[in-house]
Amino acid sequence: EQLINLLDTFTRVQAQRPKRPTGRTATSSNARKKGEEIESGDAATPLPPHSIHRFRNAGDAMMKLDMSALETQFGAPAGEDGGLLFDVDGAAMPAMEFPNCPDFDRFQAKTKDMVKNKRGTTTLAFIFDKGVIVAADSRASMGGYISSQTVRKIIEINPYMLGTMAGGAADCQFWHRNLGTKCRLHELANKRRISVTGASKLLANILYSYRGMGLSIGTMIAGWDEKGPGLYYVDSEGARLKGNRFSVGSGSLYAYSVLDEGYRFKMSVEEAGELARRAIYHATFRDGASGGCVSVYHVGPDGWKKLSGDDVGELHYQYYPVQKTPVEQEMTDASTS
Amino acid sequence: MSRRGDWVYENNGGTCVAIAGADYCVIAADTRLSVGYSILTRDHSKICELADKCVLASSGFQGDIKALHKNLAARELLYQHQHNKRMSCPAMAQLLSNTLYYKRFFPYYAFNVLGGLDSEGKGCVFTYDAVGSYERTGYSAQGTGSTLIMPVLDNQLKSPSPLLLPARDAVTPLSESEAVDLVKDVFASATERDIYTGDKLEIVVINKAGTKREYIDLRKD
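For the protein sequence lines, the chains are A and B, in the order given.
Its first residue numbered 1, the first sequence is counted upward by one per residue in full-length UniProt numbering.
Its first residue numbered 1, the second sequence is counted upward by one per residue in full-length UniProt numbering.
It is worth saying that the hints were derived from the structure and are not from the lab.
Treat each hint with caution, since some may be false.
When the alpha-carbon atoms are kept at most 25 Å apart in a straight line, the in silico DSS-like pairs for lysine-lysine are as follows [to be verified]: (1) Lys306(A) / Lys158(B); (2) Lys182(A) / Lys242(A); (3) Lys227(A) / Lys116(A); (4) Lys66(B) / Lys112(A); (5) Lys130(A) / Lys306(A); (6) Lys66(B) / Lys110(A); (7) Lys66(B) / Lys116(A); (8) Lys305(A) / Lys227(A).
Among the chain B residues that face chain A by a calculated CB cut under 8 Å, a handful are [as the list claims (entries may be wrong)]: (9) Tyr37; (10) Thr41; (11) Thr137; (12) Ser161; (13) Pro162; (14) Leu165.
For each label pair, taking beta carbons as the anchor points, the in silico distance ranges come out as [stated by the list, open to error]: (15) Arg245(A) / Pro90(B): 25 to 31 Å; (16) Asn155(B) / Thr332(A): 31 to 37 Å; (17) Arg193(B) / Glu328(A): 41 to 47 Å; (18) Asp181(B) / Gly198(A): 23 to 29 Å; (19) Leu40(B) / Thr197(A): 31 to 37 Å; (20) Gly288(A) / Asp181(B): 31 to 37 Å; (21) Tyr256(A) / Pro173(B): 37 to 43 Å.
Glycine included, every Cβ here is placed at the ideal spot set by N, Cα and C.
Please model the complete structure; the sequences and the hints are all you need to start from.
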């Protein structure tokens, strides 16, 4: 209802307002995009009365943090029980509570340092002629401490779509699950599966609305839909890129070098899986924040299937078996005499 | 150091540990509550029994923890009334994750370990970070002494990763009494080197017979 009122006001006011070529329009155009109005000192074009309460001073519009993009059209507003106790619409985006402090960004920076949330690292995905390969390591760090070596970084959104986790573990887990819910609802409403394009757009729009709030998500959505294999990179800055090869995380530079060197479009599934596994292994070898197990998945026309899961410690000795070095001098036990 | 009204958190210290076995789960936490270098009380429980097969232990800021436990206990009661059964441990695990994430921008300063039996009667332990990222594991430690305790648990209990393919068997080899002894030893060691851990250890053991509670004295210095 709030959104409808906003749009209503906006279109009505737009229709009545004359074109103003002054510098004022330039500063007010940004605010107008968000549905707010800067008080016009122009008495010649009176604006409809009910839009007056939308006015803010030009100074306020500049200095106050604009939260209009975060207001949800459904769900209880923050400050009440926040929709926790009476969750009627489970799929609705919850209204998140914000602290009532003068400097939001500083508060977020300090809390982030204090709790040192779990972060995940090297992931990669690429398209080849038989589908999409998705691979990731399994280490999560909390500051300098390894909090887990068994994190599932490849998240199964539905049987034909996978998402990867890099950045904040909680952020990725929560929003991928939310995306899975939305995809399922789309299926039920439209009697057909959602496309990879659509799913990645859903996620990208949500993340864009939280842009600047401190979410840290670098994810790839990989799947097989009617158009064939699809791969998108989506991140918490709001970027959404379609591509054939991506690697995300602190170890991505190492993974890219191995991946780019060995990549060909025409490969067998085993070759592609082995390339991905090797790329992640090399990233875990050189990057301290990556490690644990390499998981490799293949997404084909029938959905995803896990190809391999290997401990990188053991992989190292598989790829580089210990060479028996010739001994120059051998120490023998002193004979007891 | 911090202006009043600007910084609302404090760390009350403490450590929580949970170990899952084939048909039991051990959850333990110390009972010391501190602020800075002072001990406020030696007798504060960090453990909350949410359901008959589900127990939550949290360390961090006890104000947030009290609120979180109350919130979850209320949700569990609602679930009981709506579904005519108590919440299972995996269900509570997801509820806790969502509850923590809904406060993503004003987090609960709580480091949680959830332990219990799943619907098949096997022990399960879920470990969390402050904003709700969670994972089912065989054992976990959270809190100020966690970095001292985790390496010992890794040494004694580490099992093949569930991510391996072909899957390798990952059952904790310890029996219930061995697991309880391990927990006691591990806390005794952590108390030696962590100033926020000590006084008393509260151990809760869940198995199909029910829930048992035990208190062990730790060093009070």
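Hints, one by one, checked against the model:
Taking the CA atoms of Lys306(A) and Lys158(B), the gap is about 24 Å. The hint holds against a cut of 25 Å. Only pairs whose Cα atoms come within 25 Å are accepted, and Lys182(A) paired with Lys242(A) is accepted, the gap being roughly 21 Å. A C-alpha spacing of about 41 Å is found between Lys227(A) and Lys116(A), which places the hinted pair above 25 Å, so the restraint is violated. Only pairs whose Cα atoms come within 25 Å are accepted, and Lys66(B) paired with Lys112(A) is accepted, the gap being roughly 22 Å.
For the proposed pair Lys130(A) and Lys306(A), the alpha carbon gap of about 15 Å is at most 25 Å, so the pair holds. The hinted pair formed by Lys66(B) and Lys110(A) meets the criterion: a straight-line CA distance of about 22 Å does not exceed 25 Å. For the suggested pair Lys66(B) and Lys116(A), the alpha carbons sit about 22 Å apart, so the restraint of at most 25 Å is met. Between Lys305(A) and Lys227(A) the CA atoms are separated by roughly 19 Å; this keeps the pair inside 25 Å, and the hint holds.
Annotation: Tyr37(B) was flagged as interfacial toward chain A, and the flag is violated, the nearest CB pair being 19 Å apart, outside 8 Å. Evaluation of the Thr41(B) hint against chain A yields a violated restraint, the C-beta minimum of about 23 Å exceeding 8 Å. Below 8 Å, beta-carbon pairs count as interface contacts, and Thr137(B) has one with chain A at about 7 Å; its hint therefore holds. With a cut of 8 Å, the hint placing Ser161(B) at the interface with chain A holds, because the nearest CB-to-CB distance is about 5 Å.
The restraint placing Pro162(B) at the interface with chain A holds, with a minimum CB-CB distance near 6 Å, inside the 8 Å limit. At about 4 Å, the closest approach between the beta carbon of Leu165(B) and any beta carbon in chain A falls short of 8 Å, and the interface hint on this residue holds. Between Arg245(A) and Pro90(B) the beta carbons are some 36 Å apart, a value that contradicts the proposed interval 25 to 31 Å. The beta-carbon spacing between Asn155(B) and Thr332(A), approximately 34 Å, falls within the hinted interval of 31 to 37 Å.
Our hint of 41 to 47 Å for Arg193(B) and Glu328(A) holds, since their Cβ atoms are close to 44 Å apart. Between Asp181(B) and Gly198(A) the C-beta distance comes to about 55 Å, which lies outside the given range of 23 to 29 Å. In this structure, Leu40(B) and Thr197(A) break the distance hint of 31 to 37 Å, their C-beta atoms being roughly 56 Å apart. Judged by the Cβ atoms, the range 31 to 37 Å given for Gly288(A) and Asp181(B) holds: they are separated by roughly 35 Å.
Tyr256(A) and Pro173(B) have their C-beta atoms about 41 Å apart, which keeps the hinted 37 to 43 Å range intact.
Of the numbered hints given earlier, the model fails hints 3, 9, 10, 15, 18, 19; all others are met.
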